[in-house]
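Given the sequences, and given the hints that come with them, work out the whole structure.
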Amino acid sequence: DAGITQSPRYKITETGRQVTLMCHQTWSHSYMFWYRQDLGHGLRLIYYSAAADITDKGEVPDGYVVSRSKTENFPLTLESATRSQTSVYFCASSEFLSSYEQYFGPGTRLTVT
Amino acid sequence: KQEVTQIPAALSVPEGENLVLNCSFTDSAIYNLQWFRQDPGKGLTSLLLIQSSQREQTSGRLNASLDKSSGRSTLYIAASQPGDSATYLCAPRPNSGYSTLTFGKGTMLLVSP
Numbered sequence: 002d003a004g005i006t007q008s009p010r011y012k013i014t015e016t017g018r019q020v021t022l023m024c025h026q027t028w029s030h031s032y033m034f035w036y037r038q039d040l041g042h043g044l045r046l047i048y049y050s051a052a053a054d055i056t057d058k059g060e061v062p063d064g065y066v067v068s069r070s071k072t073e074n075f076p077l078t079l080e081s082a083t084r085s086q087t088s089v090y091f092c093a094s095s096e097f098l099s100s101y102e103q104y105f106g107p108g109t110r111l112t113v114t
Numbered sequence: 255k256q257e258v259t260q261i262p263a264a265l266s267v268p269e270g271e272n273l274v275l276n277c278s279f280t281d282s283a284i285y286n287l288q289w290f291r292q293d294p295g296k297g298l299t300s301l302l303l304i305q306s307s308q309r310e311q312t313s314g315r316l317n318a319s320l321d322k323s324s325g326r327s328t329l330y331i332a333a334s335q336p337g338d339s340a341t342y343l344c345a346p347r348p349n350s351g352y353s354t355l356t357f358g359k360g361t362m363l364l365v366s367p
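Protein chains in written order, with this note's numbering: chain A, 2 to 114; chain V, 255 to 367.
Since the hints were derived computationally from the structure, they do not count as laboratory data.
Note that beta-carbon positions come from the ideal geometry of N, C-alpha and C, so glycine has one too.
Watch out, some of these pointers could steer you wrong.
What the hints assert, rightly or not - Below, computed lysine to aspartate or glutamate pairings styled on DMTMM-like, alpha-carbon distance capped at 20 Å:
id: 1; chain 1: V; residue 1: K296; chain 2: A; residue 2: E102
id: 2; chain 1: V; residue 1: K255; chain 2: V; residue 2: E269
id: 3; chain 1: V; residue 1: K322; chain 2: V; residue 2: E310
id: 4; chain 1: V; residue 1: K255; chain 2: V; residue 2: D293
id: 5; chain 1: V; residue 1: K322; chain 2: V; residue 2: E269
id: 6; chain 1: V; residue 1: K359; chain 2: V; residue 2: E257
id: 7; chain 1: V; residue 1: K296; chain 2: A; residue 2: D39
id: 8; chain 1: V; residue 1: K322; chain 2: A; residue 2: E102
id: 9; chain 1: A; residue 1: K12; chain 2: A; residue 2: D39
id: 10; chain 1: V; residue 1: K359; chain 2: A; residue 2: E60
id: 11; chain 1: A; residue 1: K58; chain 2: A; residue 2: E96
id: 12; chain 1: V; residue 1: K359; chain 2: V; residue 2: E269
id: 13; chain 1: V; residue 1: K359; chain 2: V; residue 2: D293
id: 14; chain 1: V; residue 1: K359; chain 2: A; residue 2: E80
id: 15; chain 1: A; residue 1: K71; chain 2: A; residue 2: E96
id: 16; chain 1: V; residue 1: K322; chain 2: V; residue 2: D281
id: 17; chain 1: V; residue 1: K359; chain 2: A; residue 2: E73
id: 18; chain 1: A; residue 1: K71; chain 2: A; residue 2: D57
id: 19; chain 1: A; residue 1: K12; chain 2: A; residue 2: E80
id: 20; chain 1: V; residue 1: K255; chain 2: A; residue 2: D57
id: 21; chain 1: A; residue 1: K58; chain 2: V; residue 2: E257
id: 22; chain 1: V; residue 1: K255; chain 2: A; residue 2: E60
id: 23; chain 1: A; residue 1: K58; chain 2: A; residue 2: D39
id: 24; chain 1: V; residue 1: K296; chain 2: V; residue 2: D338
id: 25; chain 1: A; residue 1: K71; chain 2: A; residue 2: D54
id: 26; chain 1: A; residue 1: K71; chain 2: A; residue 2: D39
Unchecked claim - Heads up, incomplete: computed chain V residues facing chain A, CB under 10 Å, no partners named:
id: 27; residue: N286
id: 28; residue: F290
id: 29; residue: L343
If you want it as structure tokens, here you go:
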């Protein structure tokens with residue numbers, strides 16, 4: 002299906018474990034983003050990417066790692082999960098030709114116990 | 255650093271009312287501004303994107319206005335319906351850098367039948 006998908010949709014993990022959240026888009030958009038959404042903080046940018054092999058930190062990057070070897074995929078890895086990383090994670094993409102209008106995935110609800 | 259404020263934080267209205275949601279931002283050097291809606295437990299859906307050179311943008315019963323110099327945008331919803339119940343978020347995009355969005359915390363709208 003066309004669009005932006007995230008997997009898994011729900012994940013429960015233990016403190017200290019590594020977990021990877023997947024994001025895939027079919028539009029060949031250049032830009033991709035990872036946000037986390039928490040009560041009281043709203044949406045905050047974790048990392049973003051302007052193209053394959055180009056990534057940069059957002060507002061809250063600590064404890065996260067990203068890579069982008071292919072245009073369509075932008076995985077987010079929590080190297081050693083902590084309880085403070087319990088959140089809903091959203092992936093988004095955008096493109097210059099559509100004035101950078103951002104399109105969001107359905108989100109991944111992550112619980113760290 | 256861009257700061258975005260949305261007022262009111264919550265709004266409850268009876269069906270049929272026309273209503274206005276407000277968004278203010280501190281840095282007027284923006285490329286465009288995007289309005290989203292978010293249903294509970296769901297991702298963000300783009301509603302309107304208004305360019306910095308535009309004053310208004312319309313889609314159906316929705317009308318977004320932008321006064322860049324004063325750092326304000328409003329989302330007008332005509333003849334509200336229960337299906338409009340959601341959280342509405344605004345996000346300006348800066349002129350510079352990789353054009354990452356800054357989100358307000360949203361206005362939670364409840365339209366009762």
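Hints versus structure:
no., hint, result
1, K296/V <-> E102/A, "19 Å, holds"
2, K255/V <-> E269/V, "38 Å, violated"
3, K322/V <-> E310/V, "11 Å, holds"
4, K255/V <-> D293/V, "28 Å, violated"
5, K322/V <-> E269/V, "31 Å, violated"
6, K359/V <-> E257/V, "10 Å, holds"
7, K296/V <-> D39/A, "14 Å, holds"
8, K322/V <-> E102/A, "18 Å, holds"
9, K12/A <-> D39/A, "16 Å, holds"
10, K359/V <-> E60/A, "15 Å, holds"
11, K58/A <-> E96/A, "19 Å, holds"
12, K359/V <-> E269/V, "24 Å, violated"
13, K359/V <-> D293/V, "14 Å, holds"
14, K359/V <-> E80/A, "28 Å, violated"
15, K71/A <-> E96/A, "16 Å, holds"
16, K322/V <-> D281/V, "9 Å, holds"
17, K359/V <-> E73/A, "29 Å, violated"
18, K71/A <-> D57/A, "16 Å, holds"
19, K12/A <-> E80/A, "15 Å, holds"
20, K255/V <-> D57/A, "17 Å, holds"
21, K58/A <-> E257/V, "18 Å, holds"
22, K255/V <-> E60/A, "11 Å, holds"
23, K58/A <-> D39/A, "19 Å, holds"
24, K296/V <-> D338/V, "14 Å, holds"
25, K71/A <-> D54/A, "8 Å, holds"
26, K71/A <-> D39/A, "29 Å, violated"
27, N286, "6 Å, holds"
28, F290, "8 Å, holds"
29, L343, "7 Å, holds"
The structure does not agree with the numbered hints 2, 4, 5, 12, 14, 17 and 26 stated previously, though it agrees with the rest.
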